[in-house]
Every structure is written in C-alpha cells, then in structure tokens.
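Residue numbers (this note's numbering), protein chains in the order written: chain A, 1 to 86; chain B, 1001 to 1086; chain C, 2001 to 2161; chain D, 3001 to 3161.
Simulated from the structure, these hints should not be mistaken for laboratory data.
Don't take every hint at face value.
To be verified - Not the full set, but computed from the structure, chain C residues with beta-carbon under 7 Å of chain A:
no.: 1; residue: 2024
no.: 2; residue: 2033
no.: 3; residue: 2047
no.: 4; residue: 2066
no.: 5; residue: 2072
no.: 6; residue: 2085
no.: 7; residue: 2107
no.: 8; residue: 2130
no.: 9; residue: 2136
no.: 10; residue: 2149
no.: 11; residue: 2154
no.: 12; residue: 2156
Unchecked claim - Straight-line alpha carbon distances no greater than 27 Å define the calculated DSS-like cross-link-like pairs of lysine-lysine that follow:
no.: 13; chain 1: D; residue 1: 3057; chain 2: D; residue 2: 3015
no.: 14; chain 1: C; residue 1: 2024; chain 2: C; residue 2: 2152
no.: 15; chain 1: C; residue 1: 2131; chain 2: C; residue 2: 2075
no.: 16; chain 1: C; residue 1: 2015; chain 2: D; residue 2: 3056
no.: 17; chain 1: D; residue 1: 3057; chain 2: D; residue 2: 3152
no.: 18; chain 1: D; residue 1: 3139; chain 2: D; residue 2: 3057
no.: 19; chain 1: C; residue 1: 2075; chain 2: C; residue 2: 2152
no.: 20; chain 1: D; residue 1: 3019; chain 2: D; residue 2: 3075
no.: 21; chain 1: C; residue 1: 2015; chain 2: D; residue 2: 3057
no.: 22; chain 1: D; residue 1: 3084; chain 2: C; residue 2: 2131
no.: 23; chain 1: C; residue 1: 2076; chain 2: C; residue 2: 2019
no.: 24; chain 1: C; residue 1: 2024; chain 2: D; residue 2: 3015
no.: 25; chain 1: C; residue 1: 2056; chain 2: C; residue 2: 2139
no.: 26; chain 1: C; residue 1: 2015; chain 2: C; residue 2: 2084
no.: 27; chain 1: D; residue 1: 3084; chain 2: C; residue 2: 2152
no.: 28; chain 1: C; residue 1: 2076; chain 2: C; residue 2: 2152
no.: 29; chain 1: C; residue 1: 2139; chain 2: C; residue 2: 2024
no.: 30; chain 1: D; residue 1: 3015; chain 2: C; residue 2: 2056
no.: 31; chain 1: D; residue 1: 3015; chain 2: D; residue 2: 3076
no.: 32; chain 1: C; residue 1: 2057; chain 2: D; residue 2: 3015
no.: 33; chain 1: C; residue 1: 2057; chain 2: C; residue 2: 2024
no.: 34; chain 1: D; residue 1: 3131; chain 2: C; residue 2: 2084
no.: 35; chain 1: C; residue 1: 2056; chain 2: C; residue 2: 2131
no.: 36; chain 1: D; residue 1: 3024; chain 2: C; residue 2: 2024
no.: 37; chain 1: C; residue 1: 2139; chain 2: C; residue 2: 2152
no.: 38; chain 1: D; residue 1: 3131; chain 2: D; residue 2: 3015
no.: 39; chain 1: C; residue 1: 2084; chain 2: D; residue 2: 3019
no.: 40; chain 1: D; residue 1: 3084; chain 2: D; residue 2: 3015
By construction, the Cβ of each residue, glycine as well, lies at the ideal position given by its N, Cα and C atoms.
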Amino acid sequence: MSCEVVALYFARSAELAGVRSEIISVPQQLTSLQLWEEIVKRHPRLAAIQDQVVFAVRQEYVLLGDQLLVLQSGDEVAIIPPISGG
Amino acid sequence: MSCEVVALYFARSAELAGVRSEIISVPQQLTSLQLWEEIVKRHPRLAAIQDQVVFAVRQEYVLLGDQLLVLQSGDEVAIIPPISGG
Amino acid sequence: FPSRKAMNESEDEPKDFIKLNCEKLSADEVSELVISPCCGAVSLFIGTTRNNFEGKKVIHLEYEAYSSMAEAEIKKICRDVRQKWPSIKHIAVHHRLGLVPVTEASVIVAVSSPHRVASLEAVQYCINTLKATVPIWKKEIYEQEYSWKENKECFWADVEQ
Amino acid sequence: FPSRKAMNESEDEPKDFIKLNCEKLSADEVSELVISPCCGAVSLFIGTTRNNFEGKKVIHLEYEAYSSMAEAEIKKICRDVRQKWPSIKHIAVHHRLGLVPVTEASVIVAVSSPHRVASLEAVQYCINTLKATVPIWKKEIYEQEYSWKENKECFWADVEQ
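Here chain A stands alone, though its shape is the one from the complex (with noise of 0.2 Å):
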C-alpha cells in the first residue's frame, strides 16, 4: 500500500532539491532510511547531505535509520539540513 506524502525541502536541501515542496507517493510503512532512499532517488543531489540531514515526520524529529515510520496521505515529511536559527 502507498500513500501521498507532502515532502517539504528546507535551506540546502530545497537548493539541492530544486524544489520546496511536491506531492510524493511512498509505501506506508518503511524505515526512515527507506523514505530516504525514496527521496534520493527523486532529487539525487540530496546524497550529498545524507549525513547531515534528519526528517521531520509530522513535525517530530526522526533520525535517519531503521525507524519504521507509519505514514498517511497528507503527512508532512520535512528534509531537515542542520539548523541555525538564533
């Protein structure tokens, strides 16, 4: 089963991505690192960044690994580049 997802690109990974938001159909179920590998696949660029980048999955913070995530249609998946804020 699949699902539409709301991928959201934030500072370098909307540069690297080109984009900052798209529609994009993923199972739902996968591990954080599978969505991962789903996202590159789209913008390739993004590999760049693979170690310094963490999800947002419905505003949570969620590492890139073996988490498994349980997505929806409509959830927000955010590409988090490390912060800077202050």
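Place chains B, C and D on chain A using the hints.
Just chains B, C and D now, kept in the frame of chain A:
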C-alpha cells in the same frame, strides 16, 4: 588639628539625621568608629542603625572600626545604610 | 474589592508569545509583552547580525523557517522552561525571517519572573535550546558568495565542518 | 579601502554608558546603545516594580542615590566585567531615580559581545554586583506605610531583618 568635611546622609540615615548634607568639623585623624561617634553626637537618633551602616569616605566604602582616617577639608563622608538598588 | 482585584496574580496568567515573521524586531515591544505587575525581573536576549565571519565581510543574513514546526518546537521549550523554573510568568520568543541587515536583531527572547535568577537562567536555556532544536536556517551572504550556517548546538550537523 | 574600514572593529571601541536620572527607561534605547556591528549578542536585564511584597500592596517605589559614587561604583563593575570577559564590547547601566510606578523599569543593564555566552554571564554579574555595591536606595510605598528595602546582597545589611 580639625577640618571641615561634607557629611552626606541618605535614605534612612537622612530620615534619622533630619538633614541630607552638612559641613561638620572633625579631627583630621581619627578612626572610622570615632568619626561615627562624632556624628552620633550631632544626631543621636542615628545610634539606632549603628550595626547597619558603613561610611563612604571620598566615595570609597569604609567599615566602622579601627581604621585610621586621614581627612582634609572638603572631603565627602557619607553615611551609607544598607543599599537596595536594582 | 478593588485592592483584592489588583493583588490577584492569577489574573495575569502565564502566557507564551511566539512570533516568526519578516518584521523588524523591537526590544520594547517584546519586553512590554512579558512585564507583569507581580514580577520584578525581565531578562532578554537579542541576537544581532554581525558584520564579519572568519574575516569575510557579511552583507546581511537571510533566514527561513519550517514555521509551523518551529512554533511547535518553541512551545515545547516554553513548556520545559515552566517545568524547570515554575516561578516564570511570561515568555516571548520573536524570530525574524527573510533579510536581516547587519546590527539588526534576528531573535529576541524575553522572560519575566518575580525574582531575577529564574528569568536570567531561563532566557539562557531558551536561546541555547532554540539553537539546538528549532527548525530555522540562516544563510550568511558575503560579497561574492554565501554559506548556510550550522549551529554548533545542532547535533546532526557535520562535526567536520 | 571601504571594506577594510567596515571590518575595522577598533572603530567601535568598547564603551560604558552609565545614566542615573528620573526619566522613564527604554529597553530599545539601552539595547541600541550597546549593539555593535561586530557583535552577535546583546543580553539585557530589566528590573521592574512589583505590585506586592509579603502580601502588602505596593503603590510605587521611590529611589534615591549617592549619584557621583554610584556612577563610580558602576564604572568599577564595568572594569571588572571587561577583565572577566575580555570579549565584551559595550555595557550600559541605566538606573531610574525618584518615583517608579508598578510595572515600570527601575534598572536596565545591557551588554554586547560577539558570542552570546559572554554577554549572558556578564549581564548577570553586573546586576548581582550592582545590588551588592552601588549606593542606591529603594523605598517601597504601601497604602498606609513605607519601608526602606535592603538587598540581600548588601553585606552590611541587618541579617536579622
């Protein structure tokens, strides 16, 4: 030898002395405790706060005690009750 | 009951004031938000744009945010502050987005409390934690180039940088 | 040499801004004084008048100072701050005298530095030391009576009080 110093009173010490500043004649050399006694002679109500005051002599703090003061005419001697700035 | 009314501290319920937008920030506005009749202390931190970084002249900064999540993360910080320092009254966090010229403020954090130690400690905690957890990004624009900054407090930043 | 000029931090020599008078205090004014193009951080502490003390309703505060000595003592604090935190740029200490109504500021301390830790620590040191050493007095005026306050930081205050 005596000299004429400017005695300054603030806050509770001004209330008790009933004056904010005055010229007083005191020995050129005396301990800070002797200076206090000179001042209490002029303003007996100040005796009530003896344990809670310090001097500022030429704008430097001096405790009441055996410290010898060498005064000159025109010097400022302030009676400093507990401070509460801020 | 006029005097009872004036004394009633519960009328000034603790509030969090969070704002992220492109407007110029004002220390007066932010401090007014947190001042409370039952508080004797307001501590503020103002982050301003520096004119240089490692010898390069900085023209201005440009900020962007994942705004809805940034607000949620700032709310979490406020909640943590209130747990750590229960006497804290109001908290304000204003972060400017878009272009911020040199010497202008990018962020103002203000905290009020009855006595000063709580607000001083809390404002420090707020800005430290904001830098570590709130999804906001800063681009430093020099004369010929630019660079995306990374807070040293961000645990997933490239440690090699 | 326009860029060299803009980069020259020595043009913004460290300054101490000290003011004691009866005017209303402004966080904007004080923060503007200390902001510097080579600094990324300004920390402020604002002391405000509370509406109550041990259950008594406070109408307002009234401050008096030994002004010339108070300025000298504040200058000593500034000198100590610069020794402890050499990166500090500007320091401002504004203390209001005379009547200060509830919620208005009696004191604002502001410190700028390139990075935030120095200014956060220094502002805390400034207000703590001001309370311990600067000859200023506060009378708290209630509905029926008044009381001269004593800072707990004042070492010659009556410990029994």
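Here is what the structure says about each hint:
| no. | hint | verdict |
| --- | --- | --- |
| 1 | 2024 | violated (17 Å) |
| 2 | 2033 | violated (19 Å) |
| 3 | 2047 | holds (5 Å) |
| 4 | 2066 | holds (6 Å) |
| 5 | 2072 | holds (6 Å) |
| 6 | 2085 | violated (20 Å) |
| 7 | 2107 | holds (5 Å) |
| 8 | 2130 | holds (6 Å) |
| 9 | 2136 | holds (3 Å) |
| 10 | 2149 | holds (4 Å) |
| 11 | 2154 | holds (5 Å) |
| 12 | 2156 | holds (5 Å) |
| 13 | 3057/D <-> 3015/D | violated (40 Å) |
| 14 | 2024/C <-> 2152/C | holds (26 Å) |
| 15 | 2131/C <-> 2075/C | holds (14 Å) |
| 16 | 2015/C <-> 3056/D | holds (25 Å) |
| 17 | 3057/D <-> 3152/D | holds (21 Å) |
| 18 | 3139/D <-> 3057/D | holds (14 Å) |
| 19 | 2075/C <-> 2152/C | holds (22 Å) |
| 20 | 3019/D <-> 3075/D | holds (11 Å) |
| 21 | 2015/C <-> 3057/D | holds (23 Å) |
| 22 | 3084/D <-> 2131/C | holds (25 Å) |
| 23 | 2076/C <-> 2019/C | holds (14 Å) |
| 24 | 2024/C <-> 3015/D | holds (26 Å) |
| 25 | 2056/C <-> 2139/C | holds (14 Å) |
| 26 | 2015/C <-> 2084/C | holds (16 Å) |
| 27 | 3084/D <-> 2152/C | holds (24 Å) |
| 28 | 2076/C <-> 2152/C | holds (20 Å) |
| 29 | 2139/C <-> 2024/C | holds (18 Å) |
| 30 | 3015/D <-> 2056/C | holds (25 Å) |
| 31 | 3015/D <-> 3076/D | holds (13 Å) |
| 32 | 2057/C <-> 3015/D | holds (23 Å) |
| 33 | 2057/C <-> 2024/C | holds (22 Å) |
| 34 | 3131/D <-> 2084/C | holds (25 Å) |
| 35 | 2056/C <-> 2131/C | holds (23 Å) |
| 36 | 3024/D <-> 2024/C | holds (23 Å) |
| 37 | 2139/C <-> 2152/C | holds (15 Å) |
| 38 | 3131/D <-> 3015/D | holds (22 Å) |
| 39 | 2084/C <-> 3019/D | violated (35 Å) |
| 40 | 3084/D <-> 3015/D | holds (16 Å) |
The structure does not agree with the numbered hints 1, 2, 6, 13 and 39 stated previously, though it agrees with the rest.
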